[in-house]
Amino acid sequence: MKNVLLIVFAAALVVAAFSCKGGDGRDGKQKEAEKFDFRKAIWGMNHEEVKASESTTPTGDRPELITYRGDFDGIPAIVGYLFERDKLVRGGYLMQSSYEDPKNYISDYDSIKKGLIKDYGSPAQDDMVWNEGEEASDPAKYGESVCSGKLRFSTMWSDGRTVIRETLDGEGGICKQGIIFESLEMYVNPAAEKNKAPESSPAP
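In this note's numbering, the protein residues as written are 1296 to 1499.
Accuracy of the hints is not assured; some may be wrong.
Claimed, not checked - Using 30 angstroms as the maximum straight-line C-alpha spacing, the simulated DSBU-like pairs for lysine-lysine come out as follows:
| hint | residue 1 | residue 2 |
| --- | --- | --- |
| 1 | K1471 | K1398 |
| 2 | K1382 | K1335 |
| 3 | K1382 | K1398 |
| 4 | K1445 | K1335 |
| 5 | K1489 | K1330 |
| 6 | K1413 | K1436 |
| 7 | K1413 | K1382 |
| 8 | K1346 | K1330 |
| 9 | K1408 | K1445 |
In case anyone wonders, no lab produced these hints; they're calculated from the structure. On a predicted model such as this, the values are computed, not experimentally measured, just so you know.
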C-alpha cells in the first residue's frame, strides 16, 4: 500500500508545537460510541466544533490542521485533525516513541494492530513490503530493516464510513509509525474519482 498519505500527514504534524501535553491517558480509543468517526468528532465538523470536542488546548491551530499532544493506547503521539474547506475529512496519530532497540517498533505495531482488529475486525489489507533485493529471513532484524527504509508495514480497515490505515516505515535509521483515519465519503472516494478521471483533450 502506498504510504504517501501518511507522509503528507506526518510532514504537516512535524511543524506542530510540542508544548501542551494534555490527554486523558486512554485517548487512543477513537470509537467510544458508534456515533463518532475519529475520537469524539464526526466527519464534516468544522474547525470550532472539532476544538470543542477536545478537552485540552491545541498545540497547533491552523485552518487546515489542528494538533494536540496525546497517546494511543499508552504510546505517546501527536493527534491531528485535517480539514478541507473547513470540514473535517481526516484525522490521525503520529507516534512519538523512541527506542534504542528497533524491535520495539515492531512490537508496538503488532500491539496496535491487535487492538484495531478488535475494534474493526479483520483487515481488508495487511502488507509487509521489502525494497527490491533487500528481503531478510530473520524476523529479529525486521526492526532494523524498517528503520533503515528497507521494509515497510501497512494494514488497512474500513467500517463503511472510515478507512483506517496503520503504517510503519522509516528512513536513515529513524522509524516512523502512524495511524490515519479518512472519511470514505468526503476524502477517499473523491480522491479516487479524481485520480481516475481522464485528462481533458486539448481544444482543436
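Evaluation of the provided hints:
1. K1471 with K1398: Holds: K1471 and K1398 sit about 13 angstroms apart, inside 30 angstroms.
2. K1382 with K1335: This hinted pair holds, its Cα atoms lying about 15 angstroms apart.
3. K1382 with K1398: Status violated; Cα separation ~38 angstroms.
4. K1445 with K1335: Given that 30 angstroms is the threshold and the Cα spacing comes to 36 angstroms, the pair is violated.
5. K1489 with K1330: 29 angstroms, holds
6. K1413 with K1436: 28 angstroms, holds
7. K1413 with K1382: 29 angstroms, holds
8. K1346 with K1330: Holds, because 17 angstroms separates the two Cα atoms, which is no more than 30 angstroms.
9. K1408 with K1445: 21 angstroms, holds
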